[in-house]
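Going down the list, the sequences are from chains D and A.
Just so you know, we're using my numbering here: the first sequence kicks off at 1 and counts up by one.
Just so you know, we're using my numbering here: the second sequence kicks off at 1 and counts up by one.
Keep in mind the hints are simulated off the structure, nothing from the lab.
Don't take each hint at face value.
Stated by the list, open to error - Now the stretches of chain D that chain A is said to cover, found in silico as 3 or more residues with beta-carbon under 8 Å: (1) 79-85; (2) 150-160.
Claimed, not checked - Label pairs and their in silico Cβ distance ranges: (3) A:P29 x D:R233: 51 to 59 Å; (4) D:T235 x A:T27: 29 to 37 Å; (5) A:P29 x D:S197: 37 to 45 Å; (6) A:E42 x D:A40: 39 to 47 Å; (7) D:G254 x A:E42: 16 to 24 Å; (8) D:E169 x A:E42: 33 to 41 Å; (9) A:P29 x D:E114: 32 to 40 Å; (10) D:S17 x A:I28: 31 to 39 Å; (11) D:G12 x A:I28: 35 to 43 Å; (12) A:P29 x D:E198: 42 to 50 Å.
Ideal Cβ positions, reconstructed from N, Cα and C, are used throughout, including at glycine.
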Amino acid sequence: MTIERFVTQFDGCTYCSAGLNCTAATEAMWLYRASQGRVATTACHVRSLTGDKIDGTNLEQAQGVSAHYGITAGQLWRPGTFDALVPLIRSGRYGAHLQVGYSVLANTPYDCFEGRFRGGHDVYLTSGGITTGRVGDPGADGRRSVPQGWQDIPWTLLRRAAGALPLGESGLTLDQDFGSGHVYAYLTPADPIPASSEWRVTISVPKGVPAVALYSKPFVKVVPTDTDSGRIRSTAYNCKRTKVNGYWWFQIEGSGTNAGRYFTPNAYTKAVPR
Amino acid sequence: MTDIHDEPAEPVEGYVDDLPDEPPAPTIPQRDETPKNDEAPE
Chain D
1 MTIERFVTQF DGCTYCSAGL NCTAATEAMW LYRASQGRVA TTACHVRSLT GDKIDGTNLE
61 QAQGVSAHYG ITAGQLWRPG TFDALVPLIR SGRYGAHLQV GYSVLANTPY DCFEGRFRGG
121 HDVYLTSGGI TTGRVGDPGA DGRRSVPQGW QDIPWTLLRR AAGALPLGES GLTLDQDFGS
181 GHVYAYLTPA DPIPASSEWR VTISVPKGVP AVALYSKPFV KVVPTDTDSG RIRSTAYNCK
241 RTKVNGYWWF QIEGSGTNAG RYFTPNAYTK AVPR
Chain A
1 MTDIHDEPAE PVEGYVDDLP DEPPAPTIPQ RDETPKNDEA PE
């Protein structure tokens, strides 16, 4: 499950205008993910840590706030490519700041500023699917008719928004400077993969397909006997999951015949964390 | 008698376990600084 916490930029900040704090709010969301839930803070507090009350802030300042919390393994792309970013987000192991030009999002269903903003903005990407990325837009606080919280936004739209990022007063965009398909982004360190974790696994194999093979230990199959086929077609087990030599293994818990035995995940096993 | 595992295992949904533990660095020449965000209306 993704560790995520939506943070709005409109938090009543008196340090500076809250309208300037999208990067600070996004950094608060980034910090929550990068710290695995240990750092839960606000846009205003992040902004105060920059020591900068003038205008907006950039990803280098966000990086400085990360370092304040001892998190230095994030990766700043200035730029990287959108095609490289999407699979990393979809993997479920990374979140990212994504700088965008809001002209592309204005007047879409995802617009958090009611058509009144077309400038440079910063949003947080927490996860994604095949066609959409799950976005925390710091403006999405539910005021009036504005969206509230996380939004699933098409990758195609996010790609265009990333390319429309204004780079300065001249109006030059990222697309115009580098060509399409580039992003300014700041990725979290990868979420850790637990060495062992607890799952409820349901096995359901249709007729005509070999049942799931059981192993006495990883890579060593149970030898079938007259009373023990060494395979399972339909049942559910509490299991521990472990990685051995690059493969995931479920070890069956409990006291039944198959307790202590192993199997590997496949198309006919459905695993849910316990 | 033992039998070596011969069925390819698929990654558990939600994780891609062969990705690096650190996000990869971009290979494109990098700029000195990213732009500051603009002020958005409340």
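These are the hints, each one checked on the structure:
no. : hint                       : in the structure
1   : 79-85                      : holds (count 4)
2   : 150-160                    : violated (count 0)
3   : A:P29 x D:R233: 51 to 59 Å : holds, 56 Å
4   : D:T235 x A:T27: 29 to 37 Å : violated, 48 Å
5   : A:P29 x D:S197: 37 to 45 Å : holds, 41 Å
6   : A:E42 x D:A40: 39 to 47 Å  : violated, 23 Å
7   : D:G254 x A:E42: 16 to 24 Å : violated, 56 Å
8   : D:E169 x A:E42: 33 to 41 Å : violated, 23 Å
9   : A:P29 x D:E114: 32 to 40 Å : holds, 38 Å
10  : D:S17 x A:I28: 31 to 39 Å  : holds, 34 Å
11  : D:G12 x A:I28: 35 to 43 Å  : holds, 40 Å
12  : A:P29 x D:E198: 42 to 50 Å : holds, 46 Å
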